[in-house]
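Here the structure of chain A is known, so what remains is to put chain B in place on it, guided by the hints.
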Amino acid sequence: MAHFTKATSVKDWLNQRLAIEKVEKVMASEYWIPKNINFLWAMGMVLVITFALLVVSGIFLLMYYVPTVDEAFNSVNYTIMREVDFGWLWRHVHGVAASVVFLVIYIHMFTGIYYGSYKKGREMIWISGMLLFIAFSTEAFSGYMLPWGQMSYWAGMVITNLFSGGSLHADGLVEWIRGDYVPAQAFLGRFFMLHVLLVPLAIMGLIGLHFAALRIPHVNNQDGEEIDFDAESKKYLDGDKVGSKVMRFANDFMSKDMMVVGIFLIFFFYLTFYNYGFAMDPVNFDPADGLKTPAHIYPEWYFLWSYEILRPFNIDLGLALFGFAQVIFVFLPFLDRSPNSVPASRRGAFKYWFWGMLIVMIVLTAMGKLPPEGIYSTIGLYAAIIFIAMWVALPIITSLEKKL
Amino acid sequence: MKNKEPLILAVVIFFSLVTYYLVEPYAHHVMHKHVDSENFTYADLPEITKTGNAVNGKELVMNAGCAGCHSIETAGMPAPMDSVMAAQSYGVNPPDLSNAGAIYDAKFLAELIKNPAHALKVEHKFDEAKAQMHPMVPFYGMGGDIDQEIADMVAYLQSIAVSPADVTPKMAFENACGRCHAVGYEKWTQIGTKSGFKDKKDELAFDIKVLEYQDSLKSYMGKLPPDLSMYIRSRNEQFISTLIENPQNHLAGTAMPRVGVTADSAAKVIEYMKDAGDTKRHERAEVGKNVMIYIVIFAIFALLWKKQVWKDLH
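In order, the protein sequences belong to chains A and B.
Under numbering that gives the first Met the number 0, the first residue of the first sequence is numbered 0, with each subsequent residue one higher.
Under numbering that gives the first Met the number 0, the first residue of the second sequence is numbered 0, with each subsequent residue one higher.
Excised from the complex, chain A in its bound form (with noise of 0.2 Å):
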């Protein structure tokens, strides 16, 4: 056992056992960062401010939300949107916060993508990320269920339908993850555990991955040099603030880290008050009717990318090509054979792929929502195979890039 003496203050006290001095260092005062940096590197603190707004606001409407066919509709919109006190104030926060987290994610993911954080020892990284990408996805989902209104019902016909395989016909395994022939009871009741346990815990789970995949690599920066981080720190030790290339986490990072956070509640806050109406689809106030398809039949923004890249094929080589969306995005370090990892503005033909990239996927988005008739199932198609095709490009083209 480890000797003890007795406390001279309620802080040591704390140190003696919990050395909570050293943990301060390690996770704050002498957590190192780059100075080269810019405001993008912030989306990490934005997210956890969101998800942090998503668990708070989710547990008060947990207090109010009936997780039964009959009830949920009117728990979300009579219970909480009229007789709560404020109820209407978190659910609004909770739905527009759902959508918002996903365009933060997808900012992060692309900032990742453009100055290569996915190389060179920091894969993990790059895969924990996408494993939260993920979990986040099953937690949108399984939350768009819960208000059981129409878009609730259908997108999880639509969703659980895809389990079947398509010319598999393995309707055995969709009525499984149902619990019933259609989504009734059982899948929402399933669907609710989901959303309010599991995935959550999964999601607190890969945050400390995300975050402990950080430590040996430590943050990129905007030029992808390879700093010296136990040279540097000295320096910055030693008293050398300016002439070192980093700067510590917290209070450095830190305040850089608010600063963004404030900006980003402005316009969060402007988007729960003034312009929610994108993150809470009419449709779903509605309630489920399962004798009434509703006239379109879209997933929320965040997914119609994905969506989009199964509608145009037939429905084997969709699913197929689909799954393919689904998971490509995870082997991105192994895909990208290129030994630089730098910026993609220095990379040659990945520079072109980086924004090629960008402009499809907000290609597949748009088409995904539109109806599939005409031009928009045309560009549709196209925009699918180019973004398969892209995919595969990638090996081929990042091999022939020469060393920096």
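Hints are not guaranteed to be accurate.
Unchecked claim - Simulated DEER-style distance windows between Cβ atoms:
{"hint": "1", "chain 1": "A", "residue 1": "A388", "chain 2": "B", "residue 2": "N235", "range": "35 to 43 Å"}
{"hint": "2", "chain 1": "B", "residue 1": "R280", "chain 2": "A", "residue 2": "F333", "range": "17 to 25 Å"}
{"hint": "3", "chain 1": "A", "residue 1": "I387", "chain 2": "B", "residue 2": "H31", "range": "29 to 37 Å"}
{"hint": "4", "chain 1": "A", "residue 1": "V9", "chain 2": "B", "residue 2": "W309", "range": "50 to 58 Å"}
{"hint": "5", "chain 1": "A", "residue 1": "F333", "chain 2": "B", "residue 2": "E285", "range": "49 to 57 Å"}
{"hint": "6", "chain 1": "A", "residue 1": "I296", "chain 2": "B", "residue 2": "Y20", "range": "19 to 27 Å"}
If you're looking for bench data, these hints aren't it; they were derived computationally from the structure.
Here the structure is a predicted model, which is why all the values come from computation and not from measurement.
Glycine is no exception: its CB is placed at the ideal position from the N, C-alpha and C atoms.
Only chain B this time, still in chain A's reference frame:
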């Protein structure tokens, strides 16, 4: 090295806005038919050319048999039968006419008296040639100038009604929409407000009456008209307004009649629907303002903190 952050921010905002534009305004523009408002002018209906006389109108209303189906509570004329029986007879309970003169457009009332299926825009459902008679019997005239007689009747209805400014959202909704549509969140049923039962038996008896009424309504309309509690969110104001103005513009062939409300009454119907489905909108505006002020102050402090911390880093 020059500061690239403004450029990066511009790129992020540009791509976010393009995506937003495509999946929201543009996609909805493509998916949903746009119907322009006709400003509740009812231009297809003939103008009232005669000046109505309310005293004559009263006589005409009494003699034309309006009260055989309609109550006029303010004139001391009760409903000849209860709502359930009325629905069994006519499909839907005929409205009380006390405030019809304030809620409905005068031109519409005139045409309604003369040719109900035309005024209501349900001629596709009630074709006289096929002996499909609208349950409301047209007024064929009392022997004089029919246009004068109708103008008198409209003048009478306007004279007994409250002033249009005193029509409440609840009155407008219940009269114009509430005999077909329930609004559960406002405790409104097609036969009246459901509330305050001391005895479970009374409540069940009321529910049975509602179900009986709905049975008649269902066979009259083809399906049970939807509960409108959340319609202000599931549709939007523009949709609801233009649908009320002329349902056929949105849903060609629908059994929903044009109800002929004035622009003012339509606004009140929408106000009622907002109270049902967007109850906390005033609180939202108030809280929103305060949160925005708070968060801007927070951002200013965060900016100042960053400047202070980074002063030593460069």
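Unmet hints by their number, sorted upward, for this structure: Of the numbered hints, 2, 4 do not hold.
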